[in-house]
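Build out the structure end to end from the sequences listed, making use of the hints.
Take the working numbering: the final residue in the sequence shown is number 286, and no numbers are missing along the way.
By construction, these hints were calculated from the structure, which means they are not laboratory data.
Be a bit skeptical, because a hint or two may be false.
Said to hold, decoys possible - DSS-like, lysine-lysine: derived pairs with alpha carbons at most 30 Å apart:
| id | residue 1 | residue 2 |
| --- | --- | --- |
| 1 | K70 | K245 |
| 2 | K206 | K245 |
| 3 | K206 | K70 |
| 4 | K239 | K174 |
| 5 | K174 | K70 |
| 6 | K206 | K237 |
| 7 | K239 | K206 |
| 8 | K174 | K237 |
| 9 | K174 | K206 |
Unchecked claim - The calculated label-pair distances, taken between Cβ atoms and stated as ranges, are:
| id | residue 1 | residue 2 | range |
| --- | --- | --- | --- |
| 10 | S52 | E73 | 35 to 41 Å |
| 11 | T98 | N204 | 33 to 39 Å |
| 12 | E35 | V226 | 40 to 46 Å |
| 13 | L139 | S171 | 25 to 31 Å |
| 14 | K70 | S254 | 31 to 37 Å |
| 15 | D205 | G236 | 18 to 24 Å |
| 16 | I122 | R151 | 22 to 28 Å |
| 17 | K237 | K70 | 29 to 35 Å |
| 18 | S52 | S171 | 31 to 37 Å |
| 19 | N168 | K70 | 27 to 33 Å |
| 20 | S224 | A247 | 36 to 42 Å |
| 21 | K237 | Q65 | 39 to 45 Å |
Keep in mind the model is a prediction, meaning the values are calculated, not measured.
Here a beta-carbon is modelled for each residue, glycine too, at the ideal position from N, C-alpha and C.
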Amino acid sequence: MPSRNQSAIPENASPLVRRLGRSVLLTSEEVDFLETMQVNQAAVAKGDEFIQDGEPIRVTFLVRRGWVIRYRITPAGRRLIIGVSLPGDFIGLHVNFIHSSIFSAAALTNSSLALIEPVRLLEIHRRFPVLASGLDWMSVRHSNILSEHKVSLGARNAAQRILHFLLELWVRLEQVGLANDKGFELELTQEQIGDCMGLSTVHVNRSLSRLGKDKLIRIDKGAVTFPQVSRSIGFADFDERFLMDFAPRPDSHFGNKGIPRT
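Have a look at this one:
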């Protein structure tokens, strides 16, 4: 078996490789496979829909650049965003087991997607058990995110719900090198945050104002920062474990039960 060496990951690695390489020592062969798996790419312009609810879905999409939303439109015409996909995230990972999509997906920003044939994912399970475990982990993580959103909808007020969501985005972006230790660039409008959190735009605006006055968050020209991280984590009841890597990192901003490391 080839030796595992984290130096096999180049600086210009894709977000998927960077994410898996945070906690798994990937071999050069594994890195090469993951990168060549992404050679079939498509550019999607901001606002363009590339998956339609109820239509056949024949490939797995991997976000390489940009932000993508997955959503449902209710019979009454209301849009509910059921997930925000960031670089390194799969959409339709288990395409082998489904025949048609149960959601629509569109680019929130100008984006780049890799179109991956199902046979390539099956090849991972045949040849690379560590990578196969990584795909399983990503599926569990996706489920964890949905579960945490359900907790927010049922047990957190509007301000807590929004702050928890923004902390989640910060962690997810940091995991692929797209955020710093202060915060991140937000690509969602207040209306879109409301569609994610089940809130009206007016309610989102009021909640963000409250969070700003309480110094739990600062938003300046789209840049989101957290002036007092410990207070923000405590107020939002944020527990990073639902976004954990394969193994916990000692330099995490957050500790268990939403308590920051000192």
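Here is what the structure says about each hint:
{"no.": "1", "hint": "K70 x K245", "in the structure": "holds (19 Å)"}
{"no.": "2", "hint": "K206 x K245", "in the structure": "holds (15 Å)"}
{"no.": "3", "hint": "K206 x K70", "in the structure": "holds (27 Å)"}
{"no.": "4", "hint": "K239 x K174", "in the structure": "holds (26 Å)"}
{"no.": "5", "hint": "K174 x K70", "in the structure": "holds (28 Å)"}
{"no.": "6", "hint": "K206 x K237", "in the structure": "holds (18 Å)"}
{"no.": "7", "hint": "K239 x K206", "in the structure": "holds (14 Å)"}
{"no.": "8", "hint": "K174 x K237", "in the structure": "holds (27 Å)"}
{"no.": "9", "hint": "K174 x K206", "in the structure": "holds (27 Å)"}
{"no.": "10", "hint": "S52 x E73: 35 to 41 Å", "in the structure": "holds (38 Å)"}
{"no.": "11", "hint": "T98 x N204: 33 to 39 Å", "in the structure": "holds (37 Å)"}
{"no.": "12", "hint": "E35 x V226: 40 to 46 Å", "in the structure": "holds (44 Å)"}
{"no.": "13", "hint": "L139 x S171: 25 to 31 Å", "in the structure": "holds (29 Å)"}
{"no.": "14", "hint": "K70 x S254: 31 to 37 Å", "in the structure": "holds (36 Å)"}
{"no.": "15", "hint": "D205 x G236: 18 to 24 Å", "in the structure": "holds (20 Å)"}
{"no.": "16", "hint": "I122 x R151: 22 to 28 Å", "in the structure": "holds (24 Å)"}
{"no.": "17", "hint": "K237 x K70: 29 to 35 Å", "in the structure": "holds (32 Å)"}
{"no.": "18", "hint": "S52 x S171: 31 to 37 Å", "in the structure": "holds (36 Å)"}
{"no.": "19", "hint": "N168 x K70: 27 to 33 Å", "in the structure": "holds (28 Å)"}
{"no.": "20", "hint": "S224 x A247: 36 to 42 Å", "in the structure": "violated (25 Å)"}
{"no.": "21", "hint": "K237 x Q65: 39 to 45 Å", "in the structure": "holds (44 Å)"}
Comparing the model with each earlier hint shows a violation of hint 20 alone; every other hint is respected.
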